[in-house]
Amino acid sequence: MLKTVFNVIKTKHIQTNQGLQCLGPFTTQACKFSNTSQLCHSEKQTHEEKQNISKAMKAYLDRAREHDEFMNEQNQEYQLGKRHLANMMGESPETFTQHDVDNAIEYLFPSGLFEKKARPMMKPPEEVFPQRKAAEFDETGRPHHFLFYTGKASFYQVLHDTVQHIVDLNRFEDAMIRKGMRPDKDQKINLSGYQWIDKDSLEAKLVETIGDKDYESFVQAFERLCSLPYSYKVKDFIMEYRKPLMSQTKAHDAPKPQYDENGRAFVTTYECLRKSARGDVTIRSPGTGKISINGEDITYFDLLQCREQVIFPLLFTNMINKVDIEANVEGGGSSGQAGAIRWGIAWGLRSFLDQETIEKMRLAGLLTRDYRTRERKKPGQQGARRKFTWKKR
Amino acid sequence: MLKTALVFVSKRKLSFSKVKYLSPTANPQPQEKIQSFRSVEHDPLKHTYNHVGQFYNISKEDRNHLFNYGGLPKTYLTQAKTFNETCVMIRQPTIDVIECLKNIDYAKPAVRFVIYGKKGSGKSLSMAHILHYANRSNFLVVHVPWVGNWMRRCQEVSNSDTKEGFINLNVDAAAWLLHFKTQNSHLLEKEDLKIAQDYVWSKREKTEKGSPLLDIVNHGINRIKFASDCVVIIADEIKKLSNSGVCKTLVAIDGFNAFFYPNTRVFTEKKEKVHPHKVVITEAFLNLTKNDWKNSAVIVTVDEIAVAEEDQISHMPRYLLGKEGFEHLDPFVPIPMENYNQKEFKSVMDYYRDRRWITPYPGQDEEVSALSANNPYNLIKVCAPL
Amino acid sequence: MATIKTLFNKCQILKSKTPLLSTFIQQNGMSQYPTYYINPIYKKDALEALIKSGEDQNLKHIPTRAALNNQTCSTAHDDLVNLFVNYVMKDGLKPLARDLVAQSFESVKRLQLEKYHKCQSEEEKAKIELNPKTIFYTAINNCKPILHLTPIKRGGVRYQVPVPLTDKKSEFLSMKWLIAAAKEKDSTVRFHLQLARELIDAANNTGRVIKRKQDLHRQCEANRAYAHYRWS
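Chains as they are written, first to last, in our numbering: chain A, 1 to 393; chain B, 1001 to 1386; chain C, 2001 to 2232.
The following block holds chain A by itself, in its conformation from the complex (with noise of 0.2 Å):
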């Protein structure tokens, strides 16, 4: 009976190492006083436990195999699908990329809805459905990951390599300073392009839901992280979490600019709004500094701000006397008209000046549309903010 029990003893996980424990010092009672019948009991519990756990675990990894075998089979479908479609558009399939699908379907399968995401496309199966975890323990019930009681072990996982890098980086920091040697500052991690891959992508890349505290200790830890003098001697680590961020001036190129009979170049710059202004702005190159507005000079406007408004642009590249301005515009009060105006008069000029300048433009603020409007009215409000009067009775 002994013998039975430490059999059954071997064969149990870790999960009962408590029990195990607890078994310990009930065997040897039990060899003391040999009640069998509480033996036997343990006997029936364990085994009876053992089944239980080995129905979940087998209906977990039933689960995960059958979701292996699903996303096998749809692979091949859409490897078979997109040779299909390489065919059908004359392509080689070898060849046939992503894009090449997506640009087939756009064609083939013309849309008009106005979301993009409810329109035909044909992805791999990883895009489209959503991504489980292979199995996380084996069959005996030992998970892999050695942090997958956490609950989220793979960002635990990441956390725990930043905060090793950080260790190791103090101490290989610490050894540098012993003999005497500095960080290459030429080689010092330059991180103002980027920016830290948000929350969802996050979600996506761990395949698992993270808080948005979360969310916060892992920026911090990267921050830290990169902090560190040797901060680029992990530079591959902590680019894997960054997004390349759109330099805000290339964003948008300045058209070129045509031609008029005269032979004088012009740039005509519609759909200027601010406010419930709208205008049109033409701005013609070799030019005298002369500005129309609707026809009338810049005395259109009778406030002066608006009017400085109106020349900022050209104030701040120093192209007052340098062209010529042509504005219709209707709609809104003064100050929007004006806005409007600026903001078309600087939209336009870029076709006329270099990168530095646009740059310079950008950063004072020339350059931004200002979708600002007014804020409405709320119902069971005076006004936008303002509350009615609280009376106290």
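For the record, the hints were derived by calculation from the structure and aren't laboratory data. Worth double-checking, as some hints may not be accurate.
[Said to hold, decoys possible] Where chain A lies over chain C, by a calculated footprint (3+ residues, C-beta under 8 Å):
no., segment
1, 2042 to 2049
2, 2056 to 2062
3, 2071 to 2080
4, 2198 to 2206
[Unchecked claim] Heads up, incomplete: computed chain B residues facing chain C, CB under 7 Å, no partners named:
no., residue
5, T1082
6, S1185
7, R1356
8, A1384
9, P1385
Remember, predicted model here, so these are calculated numbers, not experimental data. Using N, Cα and C, we set each Cβ at its ideal position, and we do this for glycine too.
Following the hints, position chains B and C against chain A.
Frame of chain A, contents of chains B and C only:
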């Protein structure tokens, strides 16, 4: 000599010659200081096209003589007080008119000039310059500083005794008579100008034929009741005198279009609006602006400001005068008053900097030029807080 | 100017709509712009300094807000004057407020030029300040209080305790007092003229506003004994 006179002659034109008296202690860099905006010539008789764009000084005596009771715009007066001098810019249209006045055949009927332009482009000040010239050349000056003061800001209204249904603006008329007297004091006191017929005022008052014009003027000033009638009489007499060759006259009226604008602010006792043609003194000046007399010239400005704000649509003479006024003045010589050109603008900005009115900074000229659209009045407004 | 780190922190944290941490710079929470948009730098000399120091490389990837309606790159534009105009403004009538301040600068010039022309010697003339902006700046600087009294409750009694002022607050008080003094006038006198007089007086360290500041300082000095109540 304590002061050394240094004469700089520019390589280009004689107009840019500047004479500057320098004391070595006051000016550390005599060679650099250039006052190209100030004219050498302060006598309007000698102003030519070479002086366009430069400022000339009106002496205190001339100013008190001519403009004591009006003629210079209010904004300009405050500026002159601050700058401690009365400087007027010589503009090209003014020189045009002065050259014409020098070359007109005075035996022919009167030539009429109409100065027109946008608001604040300098019509009244150019009128003042022409007046100064006329005064110096011994013209008899008939000057109305601003018709709007009568039609839109009249001081006192009364019914006329002599004309049925007409309105007298006696206080204004008396004020104008005083103005006329001050401007032409040197000519009126000569006793050349004599009236041609008797005028009976009442049972006891009568002005004889052959008495000097000054009598009627004084009578109008002393007896305000008869002021409006005096004005009409004087207009008539001046025409006769000019025709007979006793004196040459210059008629200068600022805001002439107010005589033809029906929407006045003159109200009868019954609060009815009075048309300008029902005002007695209008007749005098309409008479004077006809071209049926010789030995004279008529200069008139038409201004948007003389008219109510809702009707200030265009600054063109045909619109402001209306059909009636246009036909009355036709044919006339139109003189457009433009905004400042480059040279004039720079001259003004230099003048302001010289008078310590504006603090200079780089790029000031281009900025102010663009903001004010080179309009003189707008320029004053823009430079005020600088 | 925020350091690159705090800027990027701002980018991430605020984009994911997590609550702000106290170390990060808060942009205007009520604004219609997304929070990672930075304020524009529209003055030419400020931009030049930025490019010289190399900070503009950090800003290449951050979008900027549009410049406001009353901001220009012109040398005639002044932030402090704009702030003053806003304090003068009532009921949102900005054109009127701007006009009043412009007219008061004009009046300052006229008053100073009057004195200038009355002077006989060059030295006296050199002493008179003719730039209205300089007078404005001097006036505000002279009127800035350093301490003010706040009521602090200790043992059931409210004591008026002298407490130092931050720079911004003291500037605000100085401007507010100047405007209040300009409003205390005869109805025949115009606001801009009275304001001009107050500015000139304040620039010369005389006048009602300076007196008010000195009274406040005197009171603070008198209540010196209670200063420790600030920390109890």
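Status of the hints after comparison with the structure:
1. Check on the segment 2042 to 2049 of chain C: 3 of its residues sit with their Cβ under 8 Å from a Cβ of chain A, so the three-residue criterion for coverage holds.
2. With 7 residues carrying a beta carbon less than 8 Å from a beta carbon of chain A, the segment 2056 to 2062 of chain C meets the three-residue requirement, and the given coverage holds.
3. Requiring three or more residues with a Cβ within less than 8 Å of a Cβ of chain A, the coverage given for the segment 2071 to 2080 of chain C holds, as 5 such residues are present.
4. With a cut-off of 8 Å between beta carbons, the segment 2198 to 2206 of chain C has 0 residues touching chain A; three or more are needed, and the interface restraint is violated.
5. Given hint, T1082 of chain B at the interface with chain C, holds; its Cβ is 5 Å from that chain's nearest Cβ, closer than 7 Å.
6. This hint is violated: S1185 of chain B has a C-beta 30 Å from the nearest C-beta of chain C, more than the 7 Å allowed.
7. Interface restraint check: R1356 of chain B against chain C, minimum CB-CB distance 5 Å, threshold 7 Å, status holds.
8. A cut of 7 Å between beta carbons decides the hint on A1384 of chain B: the least distance to chain C is about 4 Å, and the hint holds.
9. At a threshold of 7 Å, the smallest CB-CB gap from P1385 of chain B to chain C is about 4 Å, leaving the interface hint in force.
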